[in-house]
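Generate coordinates for the entire structure from the input sequences, incorporating the hints supplied.
Number of protein chains: 8
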Amino acid sequence: DFAKVDTERKVRTGVPEIVYGEGKSASQIVKIVTTMLQSQNNILVTRVTPQKASDVTKYLPELTYDTSSKMLLWKKHTLQKTKGKIAVVTAGTSDLHVAEEAALTAEMFGNNVTRIYDVGVAGIHRLFARIDAIKEARVVIVVAGMEGALASVVGGLVTSPVIAVPTSIGYGTSFHGISALLTMLNSCATGVTVVNIDNGFGAGYSASKINHLGEYTN
Amino acid sequence: DFAKVDTERKVRTGVPEIVYGEGKSASQIVKIVTTMLQSQNNILVTRVTPQKASDVTKYLPELTYDTSSKMLLWKKHTLQKTKGKIAVVTAGTSDLHVAEEAALTAEMFGNNVTRIYDVGVAGIHRLFARIDAIKEARVVIVVAGMEGALASVVGGLVTSPVIAVPTSIGYGTSFHGISALLTMLNSCATGVTVVNIDNGFGAGYSASKINHLGEYTN
Amino acid sequence: DFAKVDTERKVRTGVPEIVYGEGKSASQIVKIVTTMLQSQNNILVTRVTPQKASDVTKYLPELTYDTSSKMLLWKKHTLQKTKGKIAVVTAGTSDLHVAEEAALTAEMFGNNVTRIYDVGVAGIHRLFARIDAIKEARVVIVVAGMEGALASVVGGLVTSPVIAVPTSIGYGTSFHGISALLTMLNSCATGVTVVNIDNGFGAGYSASKINHLGEYTN
Amino acid sequence: DFAKVDTERKVRTGVPEIVYGEGKSASQIVKIVTTMLQSQNNILVTRVTPQKASDVTKYLPELTYDTSSKMLLWKKHTLQKTKGKIAVVTAGTSDLHVAEEAALTAEMFGNNVTRIYDVGVAGIHRLFARIDAIKEARVVIVVAGMEGALASVVGGLVTSPVIAVPTSIGYGTSFHGISALLTMLNSCATGVTVVNIDNGFGAGYSASKINHLGEYTN
Amino acid sequence: DFAKVDTERKVRTGVPEIVYGEGKSASQIVKIVTTMLQSQNNILVTRVTPQKASDVTKYLPELTYDTSSKMLLWKKHTLQKTKGKIAVVTAGTSDLHVAEEAALTAEMFGNNVTRIYDVGVAGIHRLFARIDAIKEARVVIVVAGMEGALASVVGGLVTSPVIAVPTSIGYGTSFHGISALLTMLNSCATGVTVVNIDNGFGAGYSASKINHLGEYTN
Amino acid sequence: DFAKVDTERKVRTGVPEIVYGEGKSASQIVKIVTTMLQSQNNILVTRVTPQKASDVTKYLPELTYDTSSKMLLWKKHTLQKTKGKIAVVTAGTSDLHVAEEAALTAEMFGNNVTRIYDVGVAGIHRLFARIDAIKEARVVIVVAGMEGALASVVGGLVTSPVIAVPTSIGYGTSFHGISALLTMLNSCATGVTVVNIDNGFGAGYSASKINHLGEYTN
Amino acid sequence: DFAKVDTERKVRTGVPEIVYGEGKSASQIVKIVTTMLQSQNNILVTRVTPQKASDVTKYLPELTYDTSSKMLLWKKHTLQKTKGKIAVVTAGTSDLHVAEEAALTAEMFGNNVTRIYDVGVAGIHRLFARIDAIKEARVVIVVAGMEGALASVVGGLVTSPVIAVPTSIGYGTSFHGISALLTMLNSCATGVTVVNIDNGFGAGYSASKINHLGEYTN
Amino acid sequence: DFAKVDTERKVRTGVPEIVYGEGKSASQIVKIVTTMLQSQNNILVTRVTPQKASDVTKYLPELTYDTSSKMLLWKKHTLQKTKGKIAVVTAGTSDLHVAEEAALTAEMFGNNVTRIYDVGVAGIHRLFARIDAIKEARVVIVVAGMEGALASVVGGLVTSPVIAVPTSIGYGTSFHGISALLTMLNSCATGVTVVNIDNGFGAGYSASKINHLGEYTN
Ligand SMILES: Nc1ncnc2c1ncn2[C@@H]1O[C@H](COP(=O)(O)O)[C@@H](O)[C@H]1O
Ligand SMILES: Nc1ncnc2c1ncn2[C@@H]1O[C@H](COP(=O)(O)O)[C@@H](O)[C@H]1O
Ligand SMILES: Nc1ncnc2c1ncn2[C@@H]1O[C@H](COP(=O)(O)O)[C@@H](O)[C@H]1O
Ligand SMILES: Nc1ncnc2c1ncn2[C@@H]1O[C@H](COP(=O)(O)O)[C@@H](O)[C@H]1O
Ligand SMILES: [Mg+2]
Ligand SMILES: [Mg+2]
Ligand SMILES: [Mg+2]
Ligand SMILES: [Mg+2]
Ligand SMILES: [Mg+2]
Ligand SMILES: [Mg+2]
Ligand SMILES: [Mg+2]
Ligand SMILES: [Mg+2]
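Protein chains in written order, with this note's numbering: chain A, 85 to 302; chain B, 85 to 302; chain C, 85 to 302; chain D, 85 to 302; chain E, 85 to 302; chain F, 85 to 302; chain G, 85 to 302; chain H, 85 to 302.
Please keep in mind that the hints were generated in silico from the structure rather than gathered at the bench.
Just so you know, these numbers come straight off a predicted model, no measurement behind them.
Glycine included, every Cβ here is placed at the ideal spot set by N, Cα and C.
There may be inaccurate statements among the hints.
What the hints assert, rightly or not - Chain E side only, calculated, beta carbon under 8 Å to chain G, not exhaustive:
1. LYS88
2. GLU106
3. GLY107
4. LYS108
5. ALA110
6. GLN112
7. THR141
8. ILE281
9. ASP282
10. ASN283
Stated by the list, open to error - Pairs of lysine-lysine residues, derived as DSS-like cross-links and limited to a Cα-Cα distance of at most 25 Å, are as follows:
11. H/LYS160 / H/LYS115
12. D/LYS136 / B/LYS136
13. H/LYS169 / G/LYS293
14. B/LYS88 / E/LYS219
Here's what the structure looks like:
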């Protein structure tokens with residue numbers, strides 16, 4: 085009884101139960117997920133290595149592993165999709181893992197998600213080519229490593245709330261995401277809030293909360 | 085012509101034009117605000133010291149100075165208030181300045197704001213005494229210095245999106261707000277996004293964007 | 085003769101002799117422990133990897149390896165148990181290793197230990213469900229990674245001295261335990277003292293010293 | 085109503101109510117202390133500058149200002165003194181302010197305090213000249229800046245619990261107390277726990293909690 | 085004879101001799117400049133406070149003080165101007181001091197300088213309105229504080245070499261220019277090199293060296 | 085369509101298209117390079133491990149792998165060489181990888197490159213033995229790890245612009261290149277600009293831009 | 085009795101007694117020095133501001149204040165001078181204060197000191213002009229701020245032991261001496277040891293110990 | 085010709101030529117050492133992993149590998165031993181590697197070395213048991229990780245110059261040697277100078293230079 089499963093908070097059918105997979109052994113994950121089986125909730129286990137995923141799915145074949153986001157998923161129920169959209173925007177190809185963690189999390193919570201990848205400011209024409217799709221979204225998630233300037237540029241162009249996710253992509257003075265994090269915290273564009281380095285999950289989850297505002301009552 | 089006033093972005097009558105007051109001289113602020121006079125926008129100058137405020141208001145007596153938030157304000161028009169509420173919650177008495185910067189900014193953008201101050205986790209009964217008022221809000225801003233644990237506790241208790249503002253209150257290893265910032269970025273409670281240290285303005289502005297979602301179409 | 089065994093300090097029968105296992109080879113540990121054989125002390129070797137443990141126990145089968153705390157133990161004598169209790173409280177499942185290092189150390193020194201695991205502030209009802217058991221203890225050890233807010237919350241709820249142990253659990257801005265460490269050092273709840281990141285041993289040892297105050301003379 | 089006075093926690097007559105003076109204006113302190121007047125508690129306001137102290141005592145002449153600890157005190161009741169002693173030990177003359185904050189706090193909570201100042205390791209004979217008085221104490225507080233080595237040396241010589249307080253004394257790579265803090269957290273002597281840089285108050289308060297163990301029942 | 089004036093390096097008439105004014109007293113500056121009087125070089129003293137400038141010019145009225153760049157200047161000779169242009173671009177109004185240090189330095193070395201100020205990415209239309217003037221330059225200096233994203237955006241739009249100057253403008257996690265510095269060092273736009281925080285002088289000097297390439301032989 | 089190839093920026097035949105290889109899988113690199121096949125550009129993929137290189141060249145045998153610079157190259161066209169030279173200077177033998185990344189990049193862009201390796205300041209006679217070759221260059225790249233002092237010494241000896249590349253060579257307080265980086269940013273020799281730690285590519289690329297100034301019109 | 089004067093360590097007539105002046109009040113310094121009056125030792129108080137010096141000398145006019153080193157001195161006895169020399173070398177004019185603290189300390193302990201100031205590597209010919217005087221010394225102290233490269237260059241040129249003193253001179257990324265400190269710790273020239281930032285006293289003192297080796301017995 | 089062997093500096097027969105082995109391939113080391121064969125110098129290659137050592141000795145069997153110091157050695161000539169002694173003192177068993185690097189380096193340069201290991205301050209009686217042997221030395225090297233307090237204690241007890249070597253032994257806030265480094269730089273005991281983390285070689289080399297002072301002329 086090393087882990088207390090939190091069965092109180094989520095009540096709507098299908099809203100996922102979340103397990104933080106890092107630092108837990110495969111057998112701990114199996115036990116925790118098994119406790120959740122009786123509920124009607126979907127399940128989402130984050131930050132699972134391929135090896136650990138394969139150890140877990142031997143015992144729980146109902147879980148599927150998404151290699152790009154490194155999440156284990158169990159979709160027992162399909163949630164109703166929001167009308168409003170969440171845009172997930174990335175600077176480069178290497179930010180894909182984190183972006184997919186955000187995008188899939190948001191989808192698991194019933195959101196309509198638009199992916200706009202590899203539009204970093206080094207070739208800003210790529211961003212402008214897609215800016216209308218970004219502006220259409222109710223919430224924008226910007227995922228960027230290295231210097232993370234994309235968050236400021238997008239923040240200056242859209243009117244919707246922006247959630248910035250620094251990634252650990254880069255080398256030397258990128259300091260495993262610190263450079264991008266500081267950029268995003270100091271963004272001269274207002275309306276940008278920030279989550280932990282590589283925390284695609286947190287961004288997707290917060291974006292979902294925001295995107296559902298006004299949807300419930302419709 | 086050292087400053088280009090950005091007259092394009094805001095179109096609805098009364099939505100404030102923002103000036104970042106720090107690092108600008110009183111005479112620079114006077115010139116920038118004067119350029120904004122012809123527009124229909126309200127005006128909000130952030131991070132103004134009392135001395136600078138008094139130098140500015142000699143030339144522009146229409147501006148009023150709010151000593152707690154250290155902002156200069158010009159309310160030409162009254163914006164329609166949102167039905168949804170933004171709660172501004174602080175851990176201690178010393179976080180007041182930053183909290184008021186957030187609260188007043190949100191009010192200047194037409195939001196209905198509830199202030200819940202001095203409910204830090206050292207005496208957690210104070211928080212529980214006010215938790216219903218916090219839960220009622222559509223967006224919650226948590227302002228805390230020192231170790232900033234309040235953000236995690238509130239984040240675990242509410243279902244609305246939380247914006248956390250670390251303050252520079254503390255000494256020694258508070259490192260002028262870094263301790264609280266790290267706490268908030270690593271919050272084990274999901275749904276918390278973070279802004280720069282002491283950036284009450286940014287929190288109020290983002291909260292306003294979020295709080296207006298679903299309001300426009302009503 | 086690379087290591088001088090300190091045979092002077094401990095005199096009561098059974099009080100453990102401690103060896104810091106990290107940075108020592110298996111053969112160095114074997115030699116040091118062998119020197120201790122003639123004394124009446126129990127033995128406790130900390131921070132031993134499974135591989136090194138198995139190399140050591142080949143030569144010293146009297147030692148047992150505890151996989152959760154990663155300690156090698158030799159219990160020659162059973163110490164009298166304290167009446168007063170030490171509570172070991174953790175935020176999450178991943179803090180288990182460090183918590184067990186603290187709990188087992190305290191038990192090796194004759195303390196009565198209560199384990200209360202996985203009650204982090206993200207779901208604070210789990211903490212309140214166990215708060216009476218925590219309040220009952222004479223000393224409380226709080227073990228937490230990520231943002232470490234649990235130390236402040238527990239510190240605000242109990243009247244006994246609290247020893248906080250930051251763990252290296254987390255990613256990104258957790259900075260391998262620095263975020264939790266700073267939280268604990270800046271705790272707005274008074275009565276909290278702190279040990280090194282992942283130093284479960286030090287917490288258990290200090291807690292034992294404190295818990296024995298008043299016990300000796302009874 | 086910017087501050088909620090916490091009247092619930094302390095019940096025994098005379099046990100001080102604490103106010104954290106830094107970051108509060110003189111008038112805020114006056115208001116908070118005034119609310120506490122009806123209770124039977126003593127009052128202790130920490131980190132008050134001489135100027136602020138003089139502004140406060142104009143309105144509340146019952147408070148006395150201690151210039152060495154920079155605390156405002158109101159001793160309505162005399163608490164019974166403990167039999168057990170707390171030793172407060174400093175490395176240098178410049179650590180006096182922090183040491184007095186610890187010593188006076190402990191005394192305000194009814195503890196018997198022994199002061200042993202200026203016995204840093206640069207001239208270790210000074211420490212040995214006083215070691216018996218230190219060993220006699222039930223709890224030892226070590227206050228040191230610069231490299232803070234005194235905590236390790238004392239920790240290796242005594243069997244009672246040691247609380248180490250790093251001070252911001254030093255220059256260059258002392259980094260305002262970080263060097264001493266790290267020394268204390270990494271102390272090779274076990275049984276040392278640590279508080280925030282310059283946090284004499286916290287050390288005195290924790291030491292008091294520890295020193296009262298076993299005393300209550302006598 | 086505390087300072088050895090370096091009379092060997094500069095030989096062309098009028099090329100300025102540079103004195104680093106910070107950390108030198110007014111009388112030291114007077115002595116150093118006086119030694120330079122016999123040469124045919126212009127003189128440029130950087131980082132001089134207004135007070136120190138006024139103390140120096142009492143003795144050396146030939147020097148003029150530029151309040152925006154905080155430099156003392158002595159223009160004995162007029163250098164021939166380059167055909168090629170150096171563009172100095174700033175993000176905000178508050179970066180003016182550093183930008184002028186760069187621009188004036190470049191002009192003192194005979195360069196043709198274009199100033200394009202307050203075109204930060206928060207309102208990127210301001211940058212595009214001036215982009216042709218920036219593209220026309222042979223070397224571009226980008227001066228920006230806060231998150232410094234302007235360097236990346238400009239770097240992605242021009243083909244000439246870009247020298248980025250982080251400024252200490254900002255608060256909280258701007259860390260006195262570190263955030264902007266890291267942004268610039270990690271710029272995803274290639275062709276950007278970086279100088280020290282607030283080092284407008286170094287940027288102007290390097291830009292001049294680059295801008296003169298190919299000019300000498302014409 | 086995870087990567088948008090930027091086909092707009094480079095127009096002159098043969099000017100290389102650059103791919104940042106780190107953080108991309110072999111199959112992603114294959115796909116990106118394949119898209120570039122139709123253009124007339126040369127191709128250069130940086131920071132490719134030997135394993136990844138061998139996986140890529142199985143599918144694209146036209147690419148050759150340079151083990152010292154860890155780059156994959158495809159030279160479809162030979163660019164005209166500049167008359168002006170770029171000197172690449174290193175402090176030690178271990179800086180070779182980064183130096184070759186700079187040198188080869190510059191050569192791929194059509195520059196005439198002189199390599200002067202292992203002339204660090206510990207044996208400064210080695211530098212003076214080669215100083216004429218260094219002075220002859222139009223642009224000098226200095227590559228150095230550990231304390232990076234070579235950049236300052238070279239910067240004080242030459243009149244051409246210097247680009248300094250800190251390397252991660254060293255241990256302890258070299259902090260993976262931070263020591264060398266700070267040295268270079270604080271260089272007392274003017275005319276030194278800096279790129280990211282280990283960023284040989286960026287230095288070679290910027291040097292090429294500078295070295296081509298004045299060449300185009302010839 | 086806040087300070088224990090250490091009268092045991094120094095026995096030879098005239099060898100100075102040291103007082104660390106920073107963080108002590110003028111009256112504390114007066115009391116400490118007064119206790120030392122009866123001994124035959126000279127006295128040296130370091131890091132004394134002009135204001136504090138003038139407060140102290142009102143009561144103790146026998147002390148003289150050296151404004152460049154900011155030390156208070158009392159030379160009761162003249163020590164015999166060493167034959168061997170200590171060279172104190174500085175990079176720039178602004179390092180004077182620290183250099184004089186080192187030089188005067190060494191002289192107070194009876195050493196023969198050669199001062200060679202303002203020979204930083206930006207104009208390395210200045211260093212070579214004085215290198216013979218530096219090589220003549222038995223111990224060399226190098227004092228440098230900014231990037232501190234002088235220590236490496238001197239270390240590579242001399243065969244005597246070198247003590248490097250980083251100074252806090254510089255701005256931005258000099259980080260108040262950290263850049264120079266790291267340079268010196270990572271020096272590729274062997275035979276360089278380092279003291280704290282701005283610790284001229286410590287360098288002079290250690291150099292004296294080294295310089296006296298072999299002198300005693302002659 | 086990637087490495088220039090420095091054959092100028094060392095002239096006395098047998099004085100070792102040093103090669104820094106880290107970051108060099110086995111084949112590079114073989115080539116560099118081969119170039120040194122014709123000289124009369126001994127050879128010392130530092131920081132060589134066991135694997136690399138075995139690759140090198142296949143080609144150069146004259147080199148012997150010392151596993152504790154991780155150095156490759158070639159002793160062609162025996163240097164005359166100094167009369168004066170260097171003491172190498174360690175805090176713990178885990179500091180052995182670094183201590184041996186120092187001790188062996190000193191011996192290779194002809195010094196008389198005394199090893200005094202595992203006498204850390206946690207059990208200070210161990211230090212006092214050996215203090216006479218330490219006091220006998222002309223130079224003392226103190227090697228310590230974790231909090232490094234041993235340097236201060238030894239520094240306060242001996243009159244000879246002390247060279248402190250911080251080691252990367254420890255975990256958590258030891259920060260791979262930073263804690264010990266800061267302790268040593270801030271040592272309240274004067275006469276302590278410091279080298280890079282784990283730089284046993286540098287300490288041994290500097291100690292040798294100091295220990296030879298006064299010996300030459302005998
Ligand atoms: N206190 C503040 N913190 C962060 N950003 C601010 C603050 N005040 C204003 N801003 C932003 O700064 C912009 C104005 O900058 P400026 O043109 O320099 O006055 C506004 O559009 C805001 O987005
Ligand atoms: N100097 C101090 N350092 C750390 N914590 C303190 C200090 N002084 C008071 N406190 C804590 O701050 C709390 C009061 O905070 P406040 O309500 O802001 O006055 C008390 O309960 C103490 O636990
Ligand atoms: N500027 C200084 N930097 C470092 N240590 C110093 C300095 N001045 C004096 N000390 C040391 O501080 C000791 C005296 O400390 P105190 O007893 O506080 O005056 C002396 O023995 C010196 O070793
Ligand atoms: N372990 C070490 N730590 C610091 N410096 C070293 C070390 N080993 C060798 N060196 C220095 O490196 C120089 C040789 O560098 P290299 O020419 O790159 O082999 C020698 O002259 C030494 O000063
Ligand atoms: Mg891309
Ligand atoms: Mg309060
Ligand atoms: Mg859990
Ligand atoms: Mg003292
Ligand atoms: Mg602006
Ligand atoms: Mg070499
Ligand atoms: Mg100079
Ligand atoms: Mg040991």
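Hint-by-hint comparison with the structure:
At about 5 Å, the closest approach between the beta carbon of E/LYS88 and any beta carbon in chain G falls short of 8 Å, and the interface hint on this residue holds. A least Cβ separation of about 7 Å between E/GLU106 and chain G falls short of the 8 Å threshold, and the interface hint therefore holds. At a threshold of 8 Å, the smallest CB-CB gap from E/GLY107 to chain G is about 3 Å, leaving the interface hint in force. The beta carbon of E/LYS108 comes within 6 Å of a beta carbon in chain G, closer than 8 Å, and the hint placing it at the interface holds.
Of the supplied interface hints, the one on E/ALA110 is violated, with its beta-carbon coming no nearer than about 13 Å to a beta-carbon of chain G, more than 8 Å. Contact between E/GLN112 and chain G, as hinted, is supported at the beta carbon level, the nearest pair being about 6 Å apart and thus within 8 Å. For E/THR141, the interface hint is violated, since its Cβ never comes within 8 Å of a Cβ in chain G; the closest pair sits about 20 Å apart. For E/ILE281, the interface hint holds, the least distance from its beta-carbon to any beta-carbon of chain G being 3 Å, beneath 8 Å.
For E/ASP282, the interface hint holds, the least distance from its beta-carbon to any beta-carbon of chain G being 5 Å, beneath 8 Å. Proximity of E/ASN283 to chain G holds as hinted, the smallest CB-CB distance being about 6 Å (cut-off 8 Å). Between the alpha carbons of H/LYS160 and H/LYS115 the distance comes to roughly 18 Å, so the proposed pair stays at or under 25 Å and holds. Our distance criterion of 25 Å between C-alpha atoms is met by D/LYS136 and B/LYS136, whose separation comes to about 24 Å.
For the suggested pair H/LYS169 and G/LYS293, the alpha carbons sit about 15 Å apart, so the restraint of at most 25 Å is met. Of the pairs offered as hints, the one joining B/LYS88 and E/LYS219 holds, with about 20 Å between alpha carbons and a cut-off of 25 Å not exceeded.
Going down the numbered hints, you'll see the structure goes against 5 and 7, while the others check out.
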